[in-house]
Amino acid sequence: MKIVYLGIDVGSSSLKFALMDKEEQLVDSLYLKNHGLINTVKQGLKQILNENYDVRGVGITGSGRKFLGMLIGADKICSEILAHATSCLKYCPDAKTIIDIGAEDNKAILFNDGYIENFIMNSMCAGGCGQTLEMIANRLGVQIEDVGELACKSKNKLNISSKCGIFMNSMVVSHRNLGQSNEDILMGVIRGITNNYLQMIQGMDLQPPYVFQSASAKNKAFVKSFEESFNHKVIIHPYCDVAGAIGMALIILRDPPKQTNFKGFEIANRNYRTKTRICQDCENHCELNELYDDLKLIGTMGSRCGKY
Amino acid sequence: MSSNFVDGERKMKPQDRIVTFPLMGKKNSKIIKDFLESLDLKVIMPPSTTDETIKKGVKHTAGMICYPLKQTLGNYMEALDKGANTLLAYDTIGLCRFRMYNQLHEFTLTGLGYDFDIVVMNPGNLVSKLKEVSGKNKITILRKLYSSYKKLKESNLQQWSEDKPNIGLIGEVFCLNDEYANQNLKGKIRHYGCNSFNTVTQLDFMHTTIPLFNLWGLKDLFKKDELKKYKERAKKYMNGWRSGHAYENLYNLMWLIDKKVDGIISVAPLSCCPEVTIEPYVDKICKDSKIPLLRIGIDENQSPANFETRLETFCEILKMRYKK
Numbered sequence: 161m162k163i164v165y166l167g168i169d170v171g172s173s174s175l176k177f178a179l180m181d182k183e184e185q186l187v188d189s190l191y192l193k194n195h196g197l198i199n200t201v202k203q204g205l206k207q208i209l210n211e212n213y214d215v216r217g218v219g220i221t222g223s224g225r226k227f228l229g230m231l232i233g234a235d236k237i238c239s240e241i242l243a244h245a246t247s248c249l250k251y252c253p254d255a256k257t258i259i260d261i262g263a264e265d266n267k268a269i270l271f272n273d274g275y276i277e278n279f280i281m282n283s284m285c286a287g288g289c290g291q292t293l294e295m296i297a298n299r300l301g302v303q304i305e306d307v308g309e310l311a312c313k314s315k316n317k318l319n320i321s322s323k324c325g326i327f328m329n330s331m332v333v334s335h336r337n338l339g340q341s342n343e344d345i346l347m348g349v350i351r352g353i354t355n356n357y358l359q360m361i362q363g364m365d366l367q368p369p370y371v372f373q374s375a376s377a378k379n380k381a382f383v384k385s386f387e388e389s390f391n392h393k394v395i396i397h398p399y400c401d402v403a404g405a406i407g408m409a410l411i412i413l414r415d416p417p418k419q420t421n422f423k424g425f426e427i428a429n430r431n432y433r434t435k436t437r438i439c440q441d442c443e444n445h446c447e448l449n450e451l452y453d454d455l456k457l458i459g460t461m462g463s464r465c466g467k468y
Numbered sequence: 241m242s243s244n245f246v247d248g249e250r251k252m253k254p255q256d257r258i259v260t261f262p263l264m265g266k267k268n269s270k271i272i273k274d275f276l277e278s279l280d281l282k283v284i285m286p287p288s289t290t291d292e293t294i295k296k297g298v299k300h301t302a303g304m305i306c307y308p309l310k311q312t313l314g315n316y317m318e319a320l321d322k323g324a325n326t327l328l329a330y331d332t333i334g335l336c337r338f339r340m341y342n343q344l345h346e347f348t349l350t351g352l353g354y355d356f357d358i359v360v361m362n363p364g365n366l367v368s369k370l371k372e373v374s375g376k377n378k379i380t381i382l383r384k385l386y387s388s389y390k391k392l393k394e395s396n397l398q399q400w401s402e403d404k405p406n407i408g409l410i411g412e413v414f415c416l417n418d419e420y421a422n423q424n425l426k427g428k429i430r431h432y433g434c435n436s437f438n439t440v441t442q443l444d445f446m447h448t449t450i451p452l453f454n455l456w457g458l459k460d461l462f463k464k465d466e467l468k469k470y471k472e473r474a475k476k477y478m479n480g481w482r483s484g485h486a487y488e489n490l491y492n493l494m495w496l497i498d499k500k501v502d503g504i505i506s507v508a509p510l511s512c513c514p515e516v517t518i519e520p521y522v523d524k525i526c527k528d529s530k531i532p533l534l535r536i537g538i539d540e541n542q543s544p545a546n547f548e549t550r551l552e553t554f555c556e557i558l559k560m561r562y563k564k
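As given, the protein sequences belong to chains U and Y, one line each in that order. One point on numbering: in the numbering used here, the residue at position 15 of the first sequence is 175, and numbering is uninterrupted. One point on numbering: in the numbering used here, the residue at position 21 of the second sequence is 261, and numbering is uninterrupted.
Same shape as in the complex, but just chain U (with noise of 0.2 Å):
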């Protein structure tokens, strides 16, 4: 039996899995697609993990952490952020800055001697985001993964302003009606998240070598896009699409747990189901979501005052 330990990213548009030995070396990583969490999780462990492995940790990070930690028994919960660094020093030990942009939000992580000096996330919209790009995709007839591909094939330069998804959407309708082609406004598109990026970057002393992260990274013409604004490579994180995984795999195999609370395979083969309730045990009326297998209460979130 091999000793592994799991890593999960909890995204908000799909789920990362890896799975990482003693010496830190990646054995094997999943991406899916996040239809509804318990199915996925299911479906991934299923995939992922036989009876080869002995997992001896698991690390959750990603914004549904704390509800995946308590479904699946992890060892420690941990912010993306502190995930991604670790995954980013791993394999490229002098990076400065790491440009992230995920589905729902764009991150900037910025080092100094291998210590995070400052982060900045994008605060209150997900205009701007991965998934603006997905939507406007889709309405376009592209496929996600297509889009790289296509949009380096463009020509012309548009100006998409990307503040606002609603006011990119529609200047994309009239793009589209004036007769422009589909690579070039999905080139647009992608320029305009990137001056997005970079005016919620601004003010920040960004310094090369500059690593991009996240599934986003795939896609050719963000890189692309970003080495022009930058006037500078871009390096990819090998692993990109799961960085966000392997860094949390390797946050728990350097501080490894005596004992794993991971509850193993069994949990594919549970009926686990979720409950809403408003809480009347005081004045805030939180609303409390409950988790059950079967009968059996887990676990509680969602309160304001710490009770659960």
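One thing to keep in mind: the hints can contain errors.
[As the list claims (entries may be wrong)] Below, simulated SDA-like cross-link-like pairs (lysine to any residue); rule was C-alpha separation at most 20 Å, straight line:
{"no.": "1", "chain 1": "Y", "residue 1": "K499", "chain 2": "Y", "residue 2": "V359"}
{"no.": "2", "chain 1": "Y", "residue 1": "K530", "chain 2": "U", "residue 2": "M364"}
{"no.": "3", "chain 1": "U", "residue 1": "K236", "chain 2": "Y", "residue 2": "M560"}
{"no.": "4", "chain 1": "U", "residue 1": "K467", "chain 2": "Y", "residue 2": "A545"}
The set of hints was computed from the structure by calculation and includes no laboratory data.
Could you slot chain Y onto chain U? The hints should help.
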């Protein structure tokens, strides 16, 4: 219309009044309630702010207005539903949108068919308005005000931590002091192992906007004003422009940095005019002194996951830097 109208104008007797006021922080609101009750007024506090409150407020306000208006409107509506008939409102005579709050509240609530009297106090007429509402004489009011002021001063005491990273809080007063609006920011900072130091407390707000409280602070005048030199330095950026907490935030920020703060969190409503104006200055000051800065925009659409991720990471980074 009700019998509250006399000669076309509203003249309500103190004993008929059931007063209410919008909430801003649990402790502070309790002190205000105690103060009003000590003037023998009937007080109905709005129920604690919940998602329902916000829904009500959002429904009847413009989408791009700052968040405190939405929450306070919701508070007023719930208090009026519970039977209050007099709204106490405050006007700083400043330059930010807060000045318009009382008029917007009155306009919206009247349009919704509520029957109420709104009493707008400002720094100049605070005591005389309180006299009008409660029917007590000015000396009693001043005495009660002073004891509440002392209570407030006690509850606003804060400590600078010696063994944990200190996070300085700057920004807009409502969002910093209301636990609902800022998703219990201070509690969460404590939970993540840091210490928070809020520079925009209700007490500061009263000191800077109400001359009366400054008077009671007179004895502090003989102590050397610690902030004086920072006030001078802040004038470089902003020539004493009194708008919201823009100017105050700048000198507080410089004071915090000289005090060797480990990180700064700036909390403001999404479209807050004064805070957006000083954004580049705050960025520059923090960048020059290499202090990490986290900016949190407050709005009704806030997702807890995003908020917690950023706060948790920020605290982790500070702890790492602190150990180094």
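Status of each hint after checking the structure:
1. Y:K499 with Y:V359: Violated, at about 41 Å.
2. Y:K530 with U:M364: Holds, at roughly 11 Å.
3. U:K236 with Y:M560: 18 Å, holds
4. U:K467 with Y:A545: 18 Å, holds
Consistency with the previously given hints fails for number 1 only.
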